[in-house]
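**Q** The task is simple: from the sequences and hints, build the whole structure.
Residue numbers (the working numbering), protein chains in the order written: chain P, 1141 to 1227; chain H, 1141 to 1227.
It is possible that some hints are incorrect.
Identical copies go unnamed one by one, so any copy, or any two together, can satisfy a pair.
[As the list claims (entries may be wrong)] With a straight-line Cα cutoff of 25 Å, these simulated DSS-like cross-link-like pairs (lysine-lysine) come out:
no. : residue 1 : residue 2
1   : K1177     : K1146
2   : K1177     : K1189
3   : K1189     : K1146
4   : K1225     : K1161
5   : K1225     : K1189
6   : K1161     : K1146
7   : K1178     : K1146
8   : K1189     : K1161
Honestly, the hints are just simulated from the structure, not real lab data.
Number of protein chains: 2
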Amino acid sequence: MNDAFKALADPTRRQILMLLKERDMSAGEIADHFSMKKPSISHHLNILKQAQLIIDERQGQNIIYSLNTSVMQEALGWFLHMIQKNN
Amino acid sequence: MNDAFKALADPTRRQILMLLKERDMSAGEIADHFSMKKPSISHHLNILKQAQLIIDERQGQNIIYSLNTSVMQEALGWFLHMIQKNN
DNA sequence: ACTACATTTAGATGATTTCCTAAATATCTA
DNA sequence: TAGATATTTAGGAAATCATCTAAATGTAGT
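**A** In structure tokens form, the structure reads like this:
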């Protein structure tokens, strides 16, 4: 969970997750949504992957990224717990 | 929200929030739960405050910190949205 | 095998973050 | 007002992070 929280701290990475919520995308397609260079996006994708927030799968020349919601569900649980009144 | 996500990226700060979930505490009481020096804890408290995750109120010599859940509710909403299937 | 395309890896740099010590500020009590 | 306690502010060092360019890797098509 610590890796996930750290990954979520960066706005570019949250934006990437939001893009992937709409549909799966290749690294290149993702990069096209930002002004940042491709290696930087690749780096962000790697951090998201380490945090298990996304999954990658090669399809020919492309690497397709998709959301993995299980860790986000854990985080959701954390927030629910924190918001809960007492005990 | 960006400040909140950044604040939540640090494990010490998440631990502080968890302590404050149990009960309101003074800066000193909070610091007693960590091996870190007090100025460092004060710095973390300040970041949490900037992010509006906590509220402070002076009571005599002490400054009492307490949770402010409204921003965490926003974050909860963000996760709910991200987890949601489509649309 | 060669070239083109998609992506990552490596290495460098500047910005930010975390933590420390020392000093300042605020409050209480005698 | 002087001394004690609680907390913050200031300033600095070391670690981490975000980004870039250049080079390497993997895949496809001719």
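**Q** A separate judgement is required for each hint: does it hold in the structure or not?
**A** Cross-check of the supplied hints:
no. : hint             : verdict
1   : K1177 with K1146 : both (22 Å within a copy, 23 Å between copies)
2   : K1177 with K1189 : within (19 Å within a copy, 34 Å between copies)
3   : K1189 with K1146 : both (12 Å within a copy, 19 Å between copies)
4   : K1225 with K1161 : between (31 Å within a copy, 8 Å between copies)
5   : K1225 with K1189 : between (34 Å within a copy, 20 Å between copies)
6   : K1161 with K1146 : both (19 Å within a copy, 21 Å between copies)
7   : K1178 with K1146 : both (21 Å within a copy, 24 Å between copies)
8   : K1189 with K1161 : within (15 Å within a copy, 31 Å between copies)
Taken one by one, the earlier hints all hold for this structure without exception.
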